[in-house]
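Engineer: The primary structure of each chain is shown beneath.
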Amino acid sequence: AQRVTQPEKLLSVFKGAPVELKCNYSYSGSPELFWYVQYSRQRLQLLLRHISRESIKGFTADLNKGETSFHLKKPFAQEEDSAMYYCALFPGSSNTGKLIFGQGTTLQVKP
Amino acid sequence: NAGVTQTPKFQVLKTGQSMTLQCAQDMNHNSMYWYRQDPGMGLRLIYYSASEGTTDKGEVPNGYNVSRLNKREFSLRLESAAPSQTSVYFCASRDYTTNEKLFFGSGTQLSVL
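For the record, the sequence lines run as chains A and B. Mapped onto my numbering, the consecutive letters of the first sequence carry residue numbers 236 to 346. Mapped onto my numbering, the consecutive letters of the second sequence carry residue numbers 24 to 136.
Isolated chain A (complex conformation) (with noise of 0.2 Å):
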């Protein structure tokens, strides 16, 4: 079954603490994983795409098929951070376009 699992329902940082926030995923093809952002008051947005391997705002993500994994981080994080946080996967094979979505994290960055 295609599953994205974010085990954390709430992070808590301090301003300048390094970020993790954790994603894995179940499927068996090579898929396609994003990390998308839902600030506060606004539309959920892309943050980043595995296949463009691109750093946004500071964070960067490694897709690691050993694992299953495919973590958000940032080394140092900022107040305006603070946001829900989605781990969404593609599954490659399919023709529908259909993301699945992990349950969500909402990182709170303390001054």
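What the hints contain is simulated information worked out from the structure, not anything from laboratory work. Since this is a predicted model, take the numbers as computed values, not measurements. Hints should not be assumed to be uniformly reliable.
To be verified - Using 25 Å as the maximum straight-line C-alpha spacing, the simulated BS3-like pairs for lysine-lysine come out as follows:
(1) A/Lys250 - A/Lys300
(2) B/Lys124 - A/Lys257
(3) A/Lys300 - B/Lys124
What the hints assert, rightly or not - Label pairs and their calculated CB-CB ranges:
(4) B/Thr109 - A/Asn299: 31 to 41 Å
(5) B/Thr77 - A/Ala236: 20 to 30 Å
(6) A/Ser290 - B/Thr38: 18 to 28 Å
(7) B/Gly26 - A/Ile291: 14 to 24 Å
(8) A/Arg278 - B/Ala105: 39 to 49 Å
(9) B/Thr38 - A/Lys250: 44 to 54 Å
(10) B/Asn85 - A/Gln237: 14 to 24 Å
(11) A/Ile291 - B/Gly39: 21 to 31 Å
(12) A/Arg276 - B/Asn51: 44 to 54 Å
(13) A/Gln237 - B/Leu136: 33 to 43 Å
(14) A/Asn299 - B/Pro106: 34 to 44 Å
All residues carry an ideal CB built from backbone N, CA and C; glycine is no exception.
Assemble chain B onto chain A, guided by the hints.
Structural biologist: Using the frame of chain A, we list chain B on its own:
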């Protein structure tokens, strides 16, 4: 270019009432989706339309119906609202053929009393 537009933004219903959530996109995307967002449950797919003329069930379709009216519009209907359908609903679209990212609407906050 407005992206994905959802109406209404807020709605309060009584149990048993019906309503339709509207969604339109102006990006010429093939695929459109309806998700619901609940605390601790994340985003769950209700229905989707991979292309104009097709619709399919997602994870939580019970109690909902959809219509892909044309390429631009994808509506979600609650025939007889129940308190369990209290949620935030998001419409999204994507052109999966070009590997486009998913674009979301601003959401509809629905309360069923």
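Engineer: Checked against the structure, which of the hints given earlier come out wrong?
Structural biologist: Failing hints, ascending: 1, 6, 8, 11, 12.
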